[in-house]
Amino acid sequence: MIRTQVYLPDDLYRELKLLAASGKDKFSDLIREGVKDVVKKRKRRVKKFDPWKDFIGAIKGGPKISGQDLIDDYYKNGVV
3 MIRTQVYLPD DLYRELKLLA ASGKDKFSDL IREGVKDVVK KRKRRVKKFD
53 PWKDFIGAIK GGPKISGQDL IDDYYKNGVV
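Every letter in the sequence shown is one number past the one before it in the numbering used here, and letter 17, counting from 1, is 19.
A portion of the hints provided could be inaccurate.
[As the list claims (entries may be wrong)] Taking lysine-lysine and the DSS-like style, the derived pairs with C-alpha atoms no more than 25 Å apart in a straight line are:
(1) LYS43 x LYS55
(2) LYS55 x LYS66
(3) LYS38 x LYS26
(4) LYS28 x LYS38
(5) LYS45 x LYS55
(6) LYS55 x LYS78
(7) LYS19 x LYS38
(8) LYS28 x LYS43
(9) LYS66 x LYS43
(10) LYS38 x LYS55
(11) LYS42 x LYS19
(12) LYS45 x LYS26
[Stated by the list, open to error] Derived DEER-like restraints, expressed as beta-carbon distance ranges:
(13) ASP12 x LYS55: 42 to 52 Å
(14) ARG46 x LYS66: 23 to 33 Å
(15) THR6 x LYS42: 44 to 54 Å
(16) ALA22 x LYS45: 23 to 33 Å
(17) TRP54 x GLY80: 38 to 48 Å
(18) PRO53 x LEU14: 56 to 66 Å
Treat the hints as calculated values from the structure; they're not laboratory data.
Glycine included, every Cβ here is placed at the ideal spot set by N, Cα and C.
Construct all of the structure, not just a fragment, from the sequences and the given hints.
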């Protein structure tokens with residue numbers, strides 16, 4: 003385990019001390035629990051790079067207009 007030093011706001015420090023004194027958890031255990039929760043929550047948000055899924059996702063959205071409508075617009079606008 004690595005030892006580190008952090009600065010806590012006074013009110014948060016007091017609340018953690020009270021929680022530790024009133025329960026079975028140690029002050030350091032409460033700090034570790036909070037850090038684990040933050041890491042777990044943010045880890046879920048990190049998107050893993052998968053080129054195939056990104057490619058499929060790009061195609062999946064597709065155009066909002068049908069192929070026939072595209073062809074009709076093409077001819078209506080005098081391109082051909």
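Verification of the hints:
no. : hint                      : verdict
1   : LYS43 x LYS55             : holds (23 Å)
2   : LYS55 x LYS66             : holds (20 Å)
3   : LYS38 x LYS26             : holds (18 Å)
4   : LYS28 x LYS38             : holds (15 Å)
5   : LYS45 x LYS55             : holds (19 Å)
6   : LYS55 x LYS78             : violated (36 Å)
7   : LYS19 x LYS38             : holds (19 Å)
8   : LYS28 x LYS43             : holds (23 Å)
9   : LYS66 x LYS43             : violated (34 Å)
10  : LYS38 x LYS55             : violated (29 Å)
11  : LYS42 x LYS19             : holds (24 Å)
12  : LYS45 x LYS26             : violated (28 Å)
13  : ASP12 x LYS55: 42 to 52 Å : holds (47 Å)
14  : ARG46 x LYS66: 23 to 33 Å : holds (30 Å)
15  : THR6 x LYS42: 44 to 54 Å  : violated (19 Å)
16  : ALA22 x LYS45: 23 to 33 Å : holds (26 Å)
17  : TRP54 x GLY80: 38 to 48 Å : holds (40 Å)
18  : PRO53 x LEU14: 56 to 66 Å : violated (43 Å)
When the structure is compared with the earlier hints, violations turn up for hints 6, 9, 10, 12, 15 and 18 and for no others.
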